[in-house]
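Participant: All chains should be modelled from the sequences, with the hints used to inform the complete structure.
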Amino acid sequence: MENKVKTENIKSSAMTTTNEIETTVEKKETSRVRMEAKNLTIKYGTNVAVRNLSMPIYNEKVTALVGPSGCGKTTFLRSLNRMHDLTKSAHITGEVLLDGNDIYDPKVNPVTIRRKIGMVFQKPTPFPTMSIYDNVVAGLKLVGIRDRKLLNEVCEIALTQAALFDEVKDRLNAPGGSLSGGQQQRLSIARALAIKPEVILMDEPTSSLDPKSTMKIEDLIVELKKKYSIVIVTHNLAQAARISDYSAFMYLGDLVEYGKTKKMFQNPEDKRTEEYLTGKFG
Amino acid sequence: MKTLRRRQIQDKIMEGLLVVSTITILIPLLIIIAYVVYNGFGALNWSFFTEELGSPARAMQGQPTGLVHTMIGTLVVDFIGLVLAVPVGVGAGIMLSEYPEHKLNPILRIMNDTLNGMPAILKGLLAFALIVKPMGTFSGLAGGVALAFVMIPIIARTTESSLMTIPWSIREAGLAIGLPRWRVVLSTVMPAAKTGLVTGFLIAFARAAGEAAPLMFTSFGNNYLPNHWTGMIFGPVDTLPQRLYSLAISPYAQWHQMGWAAAIVLLSFVIILFVTARLLTRQKNY
Ligand SMILES: Nc1ncnc2c1ncn2[C@@H]1O[C@H](COP(=O)(O)OP(=O)(O)OP(=O)(O)O)[C@@H](O)[C@H]1O
Ligand SMILES: [Mg+2]
Numbered sequence: 001m002e003n004k005v006k007t008e009n010i011k012s013s014a015m016t017t018t019n020e021i022e023t024t025v026e027k028k029e030t031s032r033v034r035m036e037a038k039n040l041t042i043k044y045g046t047n048v049a050v051r052n053l054s055m056p057i058y059n060e061k062v063t064a065l066v067g068p069s070g071c072g073k074t075t076f077l078r079s080l081n082r083m084h085d086l087t088k089s090a091h092i093t094g095e096v097l098l099d100g101n102d103i104y105d106p107k108v109n110p111v112t113i114r115r116k117i118g119m120v121f122q123k124p125t126p127f128p129t130m131s132i133y134d135n136v137v138a139g140l141k142l143v144g145i146r147d148r149k150l151l152n153e154v155c156e157i158a159l160t161q162a163a164l165f166d167e168v169k170d171r172l173n174a175p176g177g178s179l180s181g182g183q184q185q186r187l188s189i190a191r192a193l194a195i196k197p198e199v200i201l202m203d204e205p206t207s208s209l210d211p212k213s214t215m216k217i218e219d220l221i222v223e224l225k226k227k228y229s230i231v232i233v234t235h236n237l238a239q240a241a242r243i244s245d246y247s248a249f250m251y252l253g254d255l256v257e258y259g260k261t262k263k264m265f266q267n268p269e270d271k272r273t274e275e276y277l278t279g280k281f282g
Numbered sequence: 001m002k003t004l005r006r007r008q009i010q011d012k013i014m015e016g017l018l019v020v021s022t023i024t025i026l027i028p029l030l031i032i033i034a035y036v037v038y039n040g041f042g043a044l045n046w047s048f049f050t051e052e053l054g055s056p057a058r059a060m061q062g063q064p065t066g067l068v069h070t071m072i073g074t075l076v077v078d079f080i081g082l083v084l085a086v087p088v089g090v091g092a093g094i095m096l097s098e099y100p101e102h103k104l105n106p107i108l109r110i111m112n113d114t115l116n117g118m119p120a121i122l123k124g125l126l127a128f129a130l131i132v133k134p135m136g137t138f139s140g141l142a143g144g145v146a147l148a149f150v151m152i153p154i155i156a157r158t159t160e161s162s163l164m165t166i167p168w169s170i171r172e173a174g175l176a177i178g179l180p181r182w183r184v185v186l187s188t189v190m191p192a193a194k195t196g197l198v199t200g201f202l203i204a205f206a207r208a209a210g211e212a213a214p215l216m217f218t219s220f221g222n223n224y225l226p227n228h229w230t231g232m233i234f235g236p237v238d239t240l241p242q243r244l245y246s247l248a249i250s251p252y253a254q255w256h257q258m259g260w261a262a263a264i265v266l267l268s269f270v271i272i273l274f275v276t277a278r279l280l281t282r283q284k285n286y
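Sequences listed follow chains Z and U, in order. Following this note's numbering, the numbering of the first sequence begins with 1 at its first residue and continues without gaps. Following this note's numbering, the numbering of the second sequence begins with 1 at its first residue and continues without gaps.
You can take every hint at face value.
Straight-line distance between alpha carbons at most 20 Å, and here's what the computed EDC-like set of lysine to aspartate or glutamate pairs gives:
1. Z:K262 x Z:E60
2. Z:K225 x Z:E60
3. Z:K88 x U:E172
4. Z:K262 x Z:E275
5. Z:K141 x Z:E156
6. Z:K196 x Z:E156
7. Z:K107 x Z:E36
8. Z:K123 x U:E172
9. Z:K116 x U:E172
10. Z:K38 x Z:D85
11. Z:K116 x Z:D85
12. Z:K116 x Z:E223
13. Z:K141 x U:E172
14. Z:K123 x Z:D203
15. Z:K169 x Z:E153
16. Z:K263 x Z:D245
17. Z:K280 x Z:E269
18. Z:K196 x U:E172
19. Z:K116 x Z:D99
20. Z:K227 x Z:E36
21. Z:K43 x U:E101
22. Z:K88 x U:E101
23. Z:K263 x Z:E60
24. U:K103 x Z:D85
Keep in mind that the hints were calculated from the coordinates and are not lab data.
Facilitator: This is the structure in structure tokens:
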């Protein structure tokens, strides 16, 4: 009981800090809210995976989602580009706004949403029958873009951004499945970048990468945020601290704390956040 | 100790039962092959593969006679069936595998199972009503339609099961780069399931190739090659299973032996198809 009251307090205080941040942000950094979750609840059958979650996602910022395994990070992330649409058991209430418009509005076509909001999955998923090249440009080629020069250009830029180009430039026609796990993950990143989304959702993009590629991807994220909004799920707290501007700590389906990364990592408001960040659980 | 001993005995009994059932399947197959070859081998000469059957007199008087028109007819009718069945069967399979939430999905599943269980002769009757009646003549086309009804439910099922073996994550990856659902199925899921799909076509083709009943009153049969190749499609055509039957019930000993030879050809054809299908499945499938 006591706990619950406390959570409510924290939530409302989190909301006020959010608002404060918003106003200061508007003044200082001219950043705006790109996406926003409002009272989002996601259930699998009767099992609640995300409970009444509200938080903004700022433009040209990196937002990190952290929390112990099974707390609903992936579930929340997937709701941001309607990836749950085909999961029969998943049931979503509340709103997800992109530039103020609810992406779950029945009039909205999920395909247009997903072209604006790209996603990199937890596990690498190259298209098994396609070459490396075709994997990267799949999002363009398969909707009818045939301009060879344009495709070549996009392919090279996307692979370079994903820190993979040098490794594969001599075998672009080799099957995507012939790459190592870490290379496949970077291929998935390149594929997501090739369609030039405005928001990029990344689910533990570096969990299968070596330190060097991890660093390159982190650099990429920092580079990308100059133009895009990025939401990244990570179990690597140091990584969250390094690259994110805002952080959200989730626990058992609840958003426990949200705020500027620096503030949250140095001076968390909730005891659970503090315990998690100091490695006491999770 | 006692229980260990007992388990070993149980193991042996179980193994014995499995061997018995394997043999029960193998023996009849081997007997059929041996018997067919023994009886028909004598009729397998050059003219068997180059001449048409003609009237019974030809065989009785020892003139060259054969079943070339039957073999060509079989290929023509079976391919008409395949060409008609593949798009329909694949479409149904995609609906079954990829659109589980669609209203029509459960209905389609029941219909497909019913069609699969329906006696083949009724499919012949259906093709008779649909094609033979309006066109006023037996035809290879009607035979092909009848065989398509045999193949469609098989192709629908094999398509469904080979698409289901492709990991769900591939579809999500496709959707996540903003591809429409149908495009994801066509360009990412289907290519990955290619060998499974082709194997399914072969199995359906082999099954239909052995059917006589649906052809009796559709392609009907013919002792001669038509004068023009269009006669294969728009006129009565001979096929191996139905010719086998009519040779067997004829009163001529020479024709009986030709019937056995026709059985050898049909058997080889079907075995080759099944073995090819088997080899394809053994290849790496994603
Ligand atoms: N497709 C699904 N069907 C049913 N339950 C699911 C499904 N996906 C996830 N869940 C459940 O929802 C809860 C949240 O899962 P989710 O994958 O969002 O966690 P996560 O925070 O991403 O964990 P991790 O850090 O291990 O990736 C878990 O209890 C999980 O068992
Ligand atoms: Mg996860």
